[in-house]
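Enquirer: Dock chain B against the given chain A, drawing on the hints supplied.
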Amino acid sequence: MNRRKENEIKGIFGLVVLVFLIFLLIPLARLFLKSFMGDAGPTLGHYAEVLTGRGFLEAFGNSLLISSVSAVMTTALAFILAYAVHYCNLPKGYKGFISRAAVIPMLLPTITYGFAIIYSFGKQGLITQLFGAQLFDIYGFNGLLLGYVIYTLPVSFLLLSNTMSYVDKKFSIVSRIMGDSPFATFVRTVLRPLLRTLAASFVQCFFLCFTDYGIPASVGGEFEVVATVLYNEMLGSVPNFSRGACVAMMMLIPSMVTIALLHYLEKYNIRYNKISQTEIRKGAVRDTAFGILSALILLCVLSVFAVIFVVPFVDEWPYRIQFTLEHVISVFSDSSLVTVCRNSLIVAFLTAAAGSLTAYGAALTTARSHLPGKVKQVIENISLITNTIPGMVIGIAYMLVFSGTPLQNTLFIIVICNVIHYFSTPYLMMKSSLAKMNASWETTAMLMGDTWLKTIVRVVTPNAMGTILEVFSYYFVNAMVTVSAVIFIAGARTMVITTKIKELQYYTKFNEVFVLSLLILAVNLAAKGLFHYIATDRQKIKVKRTVRRPVISKSAG
Amino acid sequence: MLEIKNLKKSYDGITILHDINLAIDDGEIVSILGPSGCGKTTLLNLILGLTDADGGEILFQGENMLRVPMEQRGFNIVFQDYALFPNLNVYKNITYGLRNNPSISTKQEVEDLIDLLGLREHLDKKIEQLSGGQKQRVALARTMVMKPKILLLDEPLSALDGVIKESIKAKIKQIARDYHLTTIIVTHDPEEALTLSDKVLIIQNGTISQYGKPDDIIQKPENDFVKEFILNQLLIKKNNIFTLFRQGNEPQMAAQVG
Chain A
1 MNRRKENEIK GIFGLVVLVF LIFLLIPLAR LFLKSFMGDA GPTLGHYAEV LTGRGFLEAF
61 GNSLLISSVS AVMTTALAFI LAYAVHYCNL PKGYKGFISR AAVIPMLLPT ITYGFAIIYS
121 FGKQGLITQL FGAQLFDIYG FNGLLLGYVI YTLPVSFLLL SNTMSYVDKK FSIVSRIMGD
181 SPFATFVRTV LRPLLRTLAA SFVQCFFLCF TDYGIPASVG GEFEVVATVL YNEMLGSVPN
241 FSRGACVAMM MLIPSMVTIA LLHYLEKYNI RYNKISQTEI RKGAVRDTAF GILSALILLC
301 VLSVFAVIFV VPFVDEWPYR IQFTLEHVIS VFSDSSLVTV CRNSLIVAFL TAAAGSLTAY
361 GAALTTARSH LPGKVKQVIE NISLITNTIP GMVIGIAYML VFSGTPLQNT LFIIVICNVI
421 HYFSTPYLMM KSSLAKMNAS WETTAMLMGD TWLKTIVRVV TPNAMGTILE VFSYYFVNAM
481 VTVSAVIFIA GARTMVITTK IKELQYYTKF NEVFVLSLLI LAVNLAAKGL FHYIATDRQK
541 IKVKRTVRRP VISKSAG
Chain B
558 MLEIKNLKKS YDGITILHDI NLAIDDGEIV SILGPSGCGK TTLLNLILGL TDADGGEILF
618 QGENMLRVPM EQRGFNIVFQ DYALFPNLNV YKNITYGLRN NPSISTKQEV EDLIDLLGLR
678 EHLDKKIEQL SGGQKQRVAL ARTMVMKPKI LLLDEPLSAL DGVIKESIKA KIKQIARDYH
738 LTTIIVTHDP EEALTLSDKV LIIQNGTISQ YGKPDDIIQK PENDFVKEFI LNQLLIKKNN
798 IFTLFRQGNE PQMAAQVG
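Top to bottom, those sequences are chains A and B. The first sequence runs 1 to 557 under the working numbering. The second sequence runs 558 to 815 under the working numbering.
Check before you lean on any hint, since a few could be wrong.
Unchecked claim - Okay, derived cross-link-like pairs now, EDC-like style, lysine to aspartate or glutamate, Cα gap no bigger than 16 Å in a straight line:
id, chain 1, residue 1, chain 2, residue 2
1, B, K562, B, D609
2, B, K770, B, E585
3, B, K726, B, E748
4, A, K454, B, E628
5, A, K436, B, D638
6, B, K726, B, E749
Claimed, not checked - From the structure, some residues in chain A lie toward chain B, with a derived Cβ separation under 10 Å:
id, residue
7, M437
8, N438
9, A439
10, W441
11, T443
12, T444
13, A445
14, M446
15, L447
16, M448
17, R458
18, T461
19, P462
20, N463
Said to hold, decoys possible - Pairwise CB distance ranges (calculated):
id, chain 1, residue 1, chain 2, residue 2, range
21, A, H532, B, D669, 40 to 46 Å
22, A, D168, B, L680, 39 to 45 Å
23, B, R803, A, L428, 57 to 63 Å
24, B, N621, A, D168, 53 to 59 Å
Calculated from the structure, these hints are not laboratory results. All values derive from a computational prediction rather than experimental measurement. For each residue, glycine too, the CB sits at the ideal point set by N, CA and C.
With the rest of the complex left out, here is chain B:
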C-alpha cells in the first residue's frame, strides 16, 4: 500500500502541491487527472524520487520513502517520450537493466514479457524504425524487466492515436492484473483516466478535487470543477458520437480491441 500524507511542494515560492493525502492499494491502477500545470507531473516525480518534497510523507508498505534515493526506492517510470536508447536495438533496450543486475529477471521472465507485449518480431529493429505504439511497448517491457514495486506512467497514451491507444490501454490493464502491480498514470484526458483505472485522482491547482472510482466520479461529482471540466468534456464527446451514429448509421462491425 502506498500512502501519501500532507505532501507539499513549491518552486521559487510558488506552491505547486498543497497538503496532498491519499492511499493506493496494491495492484490498483490509479490515474492522476487534471489540466496542464495542475501539479500532476510534480506529484508523479515526487513519488518516483526525482523531485524532493518540501514536507509530508510518502509511505510504501509502511516505510517512509521520502529520504530514500530514487534508484533505491524500487519504483520505475516510463516517460512520455519513452527515453529509449537509439544506439541500441529493441532487445538490448529491453534487457538494458540486466547488464547491471543480471539476476533481477530470469530469461523466461524476459521472454514472457516480450510475448505479452507482442515484441518478438521487432527484437532486432532499431528504435527509429518503430511506430509510436511499438516504442511505448518496448519502454514498458524495459521497465517491467526491472520488476518495479510501483509502475509510473507519464501520459502513456497522449502520443498515440485511435486503435493503438486502445490496444496499449489493454496491455497496461493486463500487466497490472497479471503482475498484481500498483500502477500510477498521469493523464490530462478524462476518457482515458475513467476507462483505464480502478480509481481516479482529480487534481486542480495543487489540491485534490476528487478521488474515487470512475463510477463515483460520473454519478457523484463532488464539485463544480469535476462537473464542468471533466464531465462536461465527456458529455460533448458522447453527444458527438451519438449524432454520428443516429441516422441509420448503425455500426457495421463489432468493436475490436487487442
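Okay, chain A solo, but in the shape it has when bound:
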C-alpha cells in the first residue's frame, strides 16, 4: 500500500504489449487461420496440396540438408578463428584484425553475397579468371553452401568467441601439470566447456540458413529450398496465398524447434562472471598453424566480396576493364535509385530509434520494476516469439493483414516490421545491462524527491547510454541489410535498397546491384564507426580522469 504504484511502468508495459499484439500476434493468428481456410470453411486441403504438390517435400529436404551441412562447416571454421584469438600467442593487432574481419559480412545484405559469388566463381568471375578455370559449379548446392557459410560465420564467431573469453584458461595449465596429454587437455579444457556453445552455434546457423531468402534468390539455381518455394507461392507468377500461408507455417516448425533447442542449451549453459586472463603457453607450431588457417579462412570470405569493389568501377566486366565512375554516377543520377537510398536511410534510422525505445521500455519493465513474475514473463515470451519467427513469415503475415489498410505501402509498416523482427537481441542486451545496475537507485532517488520518470532521465538512462548506443547500432545495421521480410511489404514508392537489388536482378543490372551494395556497406561502416566513436569517447574521458587521480591519501579514509 505504501509501495509506489509504478503506474508509469504499467503504462509502458501496456504499450509494449499492445504493439506486439497488433503487429505480431494478430498477423500470426491471421496467417495460421489463412492456411486452414478453404472456400467452404476450415480445411486441411491446402496442406495436402502443398505436401503432395510440386516438389515441396524435396525442397524441404534440401533445406534441411544444406542448412545442416552449412551449420557444421561454419561452426568448425568459426572455432578455428575464435581459437586463434583466445588460445594462441598471436600479435594483438592480428587478433584484433581477425575479430573485426570475421564480422564484416554482417554489414552486407545476404542477397549481395549471391551476386558476389556469381561474379567471383562464375564462368567470367574474378577468381575464376585468377585460377584460369572455374573451381566448381556455383548454382545450387555449392553456391548455397558458400553463401550460407559466409552469412553465418560472424554469428558463430561471436558466440564462440564470447564463451571462450569466459572459459577459465587456468584449467588448461592445471590439466597439463597433472600429466594429461595435449590432446586430452584440449578435449577436457577447451572442447568440453564449449560443447553447449558449439551446439548453440550449430542450431543458430541452421536457423539462419533455413530461413534466409537472399542467398537462394541469387545462387539457388535448380536447387529449390523452402524459402524459394515460399517466395514463389506468394509473389511468383501464379500466387496462391493459402498455399503460401501453409508453406510459411511449415517453415515455422523447424524454426520453433531450433529456437526451443537454443533456449534449452542457453538455460544449462555455465555462466561465468569474469573474463579470465592468464598468460597463454608457448606453442610455436600451434600459433603458426592457427595464424595461417585464420588468414586463409578470412581471405576466402573477403575475396568473395572483392568483386563488389571491382565490378562497379570498370567499364564492362570482364570484357572492358578500364576504371570508370560512370556506373556510380549513373546510379546517383537515377532519381528512382536516389529515392530508394533515401528510403533505406529513413527506415534504418527510424527503426533504430523506435527499436531502441521499445527494447528499452520492455527491459525497464522486466529489469527495474516490481511487477509480478507472471507479467514479466509476458515480455520474455514476446522476446522468445520474435526470435522464433523468420523474417519471411512476418512479411507474409503483414501482407495478409495490412493489404488494403492505410498502412499498406508505407515506410511505417517496414519500420515496425523491422522493430519486431529484430526485437529479441536488443531486448536481451538492454535487460542484462539494466539488471546489472544498482537496485537501490530508484528508492534512493525517490527519497530525494525524484519522480520515477525523473530518475529514469537523470540516472538510469545516462548510465545505460553505452548499451542504448549498441542497440541503436544493431537495429540500424540490420534494417539496412534485411531483405526477407521487407520483400513482401515494400511497395513501389517505399522500396528500400535491398528490395531494389532484388528487382535489379530481374533486369540483370548488376553494376547497380554492386554500387548499391557498396553503399550499404559504406553506410554501415560509417554508422558502426560513429557509434563506436561516441561510445569510446565516453570511455576515454573516464580513463583520462582515472589516470589523473592522485594516490588516495590515507588520512582521508
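Expert: Then chain B, alone, in the frame of chain A:
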C-alpha cells in the same frame, strides 16, 4: 521519539518479525544486531517505508507513520552498496536532492557537510575513482543534505576495512551528535554495534532478544543467545588480541582515529 508497537511482518506465510516493541529517543544511535536472516533488514525497511507491515504501529513524534508513503515520512537511508549515481560526479551526487527541492539545505549547510565529511578535494571526481570509505562519506553527505528526521544505515561498515572503518564510525557519531539526529544502524558485527551505539537491539528469529545499553549487554546478558553468540565472539577476539600483545609486543604508538 520513535515508537514501534506490536509490529509484524511475514512473507509467503513465513513470519519474519513477531510482535516487535521498542522506543528510540531523539538523537540516539541504535544498532540492530543479529545473524543474517534474523529480520533486521526487514525491520529497517519497515521503518523506512519500503516494505508494508502486516500489523502494528510505527509512531514518530506520536504520529502513526504506517500509512504514510516512504517519500513523505522524511526518513532517509544509506544503502549498503551506497547506490551512488555513476554518471554524476561527487558534488552532483551530494546535491542531487536540491534539484527537486532547492530550499531544503542552504549553500552554507551543504558546504559544512562537505567539510565535515572531508570531501572537498574529491568534489569533481567520478564515483568510480573513489575508495570504499570515500563512497560511504559521499552517500552520507547526499543523504544528510535532505535533512532526514531519522537516518537509517544498512551495514555501513561491512564493506570497509581497518582504520577506515574506525574513521567512518567517528563520522557517524559526530553527525548524530552535531545534528541531534536519531540514527538506526543495521549490522551483523557485535563489536561494531557495541562500540558505535547508545543502545543495541539484538534480534534473533524475528523477536527481540535483548534491547539495552552496550554496558548492560556486556554485564547483564539476558539469555543464552546473547551470551553464546554475541559475547562469546567478542571474547575470542579479545583473547586473540591479548595473545598478540602479550610477549613484549607492547604497542609502539598510540592508537589514532580520525
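Enquirer: Indicate, hint by hint, whether the structure satisfies it.
Expert: Each hint, compared with the structure:
no.	hint	result
1	B:K562 with B:D609	holds, 15 Å
2	B:K770 with B:E585	holds, 11 Å
3	B:K726 with B:E748	holds, 12 Å
4	A:K454 with B:E628	holds, 15 Å
5	A:K436 with B:D638	holds, 13 Å
6	B:K726 with B:E749	holds, 8 Å
7	M437	holds, 9 Å
8	N438	holds, 5 Å
9	A439	holds, 8 Å
10	W441	holds, 5 Å
11	T443	holds, 6 Å
12	T444	holds, 4 Å
13	A445	holds, 7 Å
14	M446	holds, 5 Å
15	L447	holds, 5 Å
16	M448	holds, 3 Å
17	R458	holds, 8 Å
18	T461	holds, 9 Å
19	P462	holds, 4 Å
20	N463	holds, 5 Å
21	A:H532 with B:D669: 40 to 46 Å	holds, 45 Å
22	A:D168 with B:L680: 39 to 45 Å	holds, 41 Å
23	B:R803 with A:L428: 57 to 63 Å	holds, 60 Å
24	B:N621 with A:D168: 53 to 59 Å	holds, 55 Å
In the structure shown, no violation is registered for any of the earlier numbered hints.
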